[in-house]
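*Asks:* Spelled out, the chains give:
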Amino acid sequence: MEIDPLIFRLSIFILAIFVGYYVVWSVTPSLHTPLMSVTNAISSVIIVGAIIAGLSGNSDSIFDTSSIFGFLAIALAAINIFGGFLVTQRMLAMYKKKKKDK
Amino acid sequence: MISANLSAIFYLFSGVLFILALRGLSSPETSRQGNLFGILGMIIAVTVTFLSIGNFSNGFVFVLIFILAGGAIGAFIAYKIPMTAMPELVAGFHSLVGLAAVFVAISAFLNPEAFKLGTPGNIKLGSLIEMSIGAAVGAITFSGSVIAFLKLQGIMSGSPITFKGQHPLNAIILSSIILLIYLLCSTQSPNFFWILLAVSFLIGFLIIIPIGGADMPVVISMLNSYSGWAAAGIGFTLENTALIITGALVGSSGAILSYIMCKGMNRSFFNVILGGFGATEETLSGSKNNEQRPVKSGNADDAAFLMKNASSVIIVPGYGMAVAQAQHALREMVDTLKKNDIKVSYAIHPVAGRMPGHMNVLLAEANVPYDEVFELEEINNDFANADVAFVIGANDVTNPVAKTDPQSPIYGMPVLDVEKCKSVLFVKRSLSPGYAGIDNDLFYKENTLMLFADAKKMTEDITKNLD
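So the sequence lines, in the order shown, correspond to chains A and B. For the first sequence, this note's numbering begins at 1 and goes up steadily by one. For the second sequence, this note's numbering begins at 1001 and goes up steadily by one.
Chain B with its partners taken away, still in its complex shape (with noise of 0.2 angstroms):
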């Protein structure tokens, strides 16, 4: 058994620890050591936790079975989880943490006495509201990751739903959270602490319905934001240091996470959270009956004939280079190109993909070197200089429409200025309009070639054909 002031000091040496796990991640040379930092404060906060209580009764070793085994499969799915499936995975572990959050909450709530928190009916009134709001937003949490998961993973229809009166719905249901709070906290009963509970799993699921596939970057990190709020609500409630400033942590760096993903769509955070985006619009491309402008297409040959007789070319990856699963061929296919002294490069647009950082990961995985990755504002100038833009996948974050048509949804986004390259490849599967159910003016360029074909095949096909 060692002292509360020990143990205090040792939590909070564990919170260091979490820092600079996250400071190690500015740079990658740097970030393998971060995550060991984070891994070596887990260790000191539960290995301080056991000494703190001291008392080994038999229970200790139903702690271990269940650590040991919650531990196996979280290293089963670390392992055997494909690469592109990481903002499912991402949105899963969140609402694993919410659920935690949630499950300590209860039980801190009906056995107040082995957290020194009180009695039950009598818990200390600042204990209570930093319980509740910790359960509150950790059960929403979990059910609004639970939505986002099923909404990435497919099972749900990634398009928004919306009903009538939603809204209003909504926030009287939030404003229901503070009255049940308010109500438990001056009554102390348990049935308003299950019906704030009920309540709180209700909202996390209508948050997230109506917003759709696209805008899955800002949930994720919103949500990443809210499992960190909770874990500081239930750190509050603990007295300890490691889980304040570890929610700290969390919960700032979903925030800017959020802030950055709306920034490069050019979208206030309220937007993005009140949904619906893309439902509306579509109604509006169809009218304007674009798809009879002409629209130059080619195949596996004239890619190849353009790329070989460039000198440099940029590749535009977006998320459906992870859905064709490409990435691989794709790297072949410049290792090919680089043979043949072409100088090739990456544009990462920040919202490509389901999750932030989602089209760099899967471009490490298939090997490519994090130094020809580049994000829009290093890259956007390079355009004009290079011979091919090579489009997979991606679409709305190439649009020139952003730039020039103050009536589009998307006008003002930051786009990649694909259209400057001398020509332009994009491999798309059909000429559907992207997320936000606007036209790409881009398909009806001159100096556009549209590859309709799977991602995948085409780029293999390509690969062949440089040969």
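For reference, chain A alone in the conformation it holds in the complex (with noise of 0.2 angstroms):
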């Protein structure tokens, strides 16, 4: 018998939770911040499913009920994605270490 490829799903997304788990922990506490921003932005990459849906229409009518929720998606998702690793960039920029000359 063949193994449903949910199955394999399942297996990368309870493996990815235990990196996360390892990985987050490993986090210096005084970059949760930029931690939380940056999360924010890698977690719209659901823009790949917006963008499908915005391109679902055909090519009569580019847009349809369903397109429209797609676009949307898309500029919602983008303004994640540039707010979050612009804002993170901008923060991280700002950490720096004690000057040894003095």
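Rather than coming from a laboratory, the hints here were simulated on the basis of the structure. Heads up, some of the hints might be wrong.
For lysine-lysine, the following BS3-like pairs were computed, each having C-alpha atoms within a straight-line distance of at most 27 angstroms [unchecked claim]:
1. Lys1338(B) x Lys1456(B)
2. Lys98(A) x Lys1343(B)
3. Lys1308(B) x Lys97(A)
4. Lys98(A) x Lys1263(B)
5. Lys98(A) x Lys1339(B)
Keep in mind the model is a prediction, meaning the values are calculated, not measured.
Please assemble the complex out of the two chains, which come individually in their own frames, going by the hints.
*Replies:* Below, the structure is given as structure tokens:
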């Protein structure tokens, strides 16, 4: 009997939870705010679903109800992706070590 | 057009890059590189999606337009937002992830052919379950984050909103969600799908309103976690490994942060979620009439004198510092102290501020080197050897009652041992109790000098007096 592909995806999911668990525990507490903003940005990879949805209309009508929701989702996810990564970058640039020369 | 297998491998690759992005955050040096990995992962995922669709119809232009429009808004916000508003920003971003998940689910429900999930009214059972879970969690994330945002922004009162029968009502609504998913799957009727969404929006709203302002670190982390699970739900629907991996990462990240925050307050997760903390305790402290105990108060001159004669000073910042925007003034004061050869370090309680790591970001913004900033466990033993503790905008996290009085609502919460310092300077606007609604014993200690003023103004005045 063949294994349902769902089981493979479930395996990836479970293993990724464990990876996430160990990786996040190793994040230094002083970077917890950038951690939240970067997780925000990466969870917006949901944009791949939004793109498929946006392009789901046929050539006669680019905009049907389904693709309009797709386009809206694209815009929302794009706000998050650009906003999330850029604000993380901006925050991380501020973390500086003590200057050695006094 | 690239094959499904090849694009799956690329999605896996971008998932790995996202793991590396989080891994980078283990130290500030590697974090910037980590962020670049994240950006690269995103570019790969988006490019592969375009390539795998292949058919660049007219819609393609609109996809780009919406990406650029959203991107421009996002970039604008990212550059304009003040660091003190980080909690609001993150809450706002969570709401967008939630809403995007809902929209993708709606789109997939209306047009399952585009996602290869079957036909309308006849969607594959597995996909339908995954999609409805993704949509429900996304909707909860959205409305919950909107409430969190309103509370943080001060548009909505930060105090808990409770009413009779709240918990039974929530329990009924939560079980109705499960029932609706079951009905949706057995009938495939769009009506159940829309009701499911409406009910999920409602419960997200109801879950967050009873939770008070200072519990926001837990709430934001929890919503962070939800946004991850919503993304994972959609990832299963789309059979997309990048989304599944990311959802799992974000979900567990938010869960761990919630756990750390709860531990920082010595409260169970359920205690926070059920809410109402701080609403009942207020009456309790009012009856004790502690206000009449003697308090020593001083001015900037006294504070400057104490600090000038100290050899080491520990600074304890809290949410009040963020409200007063005092971080820059604080760093200037510390610079002056350092010029006088006084050793200065910062002590951060895990739940100081309104989100995990809030204080660290503000201090970094004010150019405080991160190796002068310490976590509770790292620095707590040093208070006994320090001359002056300068508490600015923190309150409950310094309250010794947490160690001494088993009756206190914050008993058992880890606190900074500020009272062990030779002298304590406590900047505060008034003697009013903190968030937990309990009096701080520290105010009445022999070695405490209260500085009643706005945190920023007081800090600036001290700096003037130090010269």
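*Asks:* Does each hint fit the structure? Answer for all of them.
*Replies:* Structure-based check of all given hints:
1. Straight-line distance between C-alpha atoms of Lys1338(B) and Lys1456(B) comes to about 19 angstroms, which keeps the hinted pair within the 27 angstroms bound.
2. Of the supplied pair hints, the one linking Lys98(A) and Lys1343(B) holds, its CA atoms being roughly 13 angstroms apart against a limit of 27 angstroms.
3. Only pairs whose Cα atoms come within 27 angstroms are accepted, and Lys1308(B) paired with Lys97(A) is accepted, the gap being roughly 26 angstroms.
4. Between Lys98(A) and Lys1263(B), the direct Cα distance comes to roughly 30 angstroms. Violation of the 27 angstroms bound is thereby established for this hinted pair.
5. Proposed proximity of Lys98(A) and Lys1339(B) is supported: the alpha carbons are some 15 angstroms apart, at most 27 angstroms.
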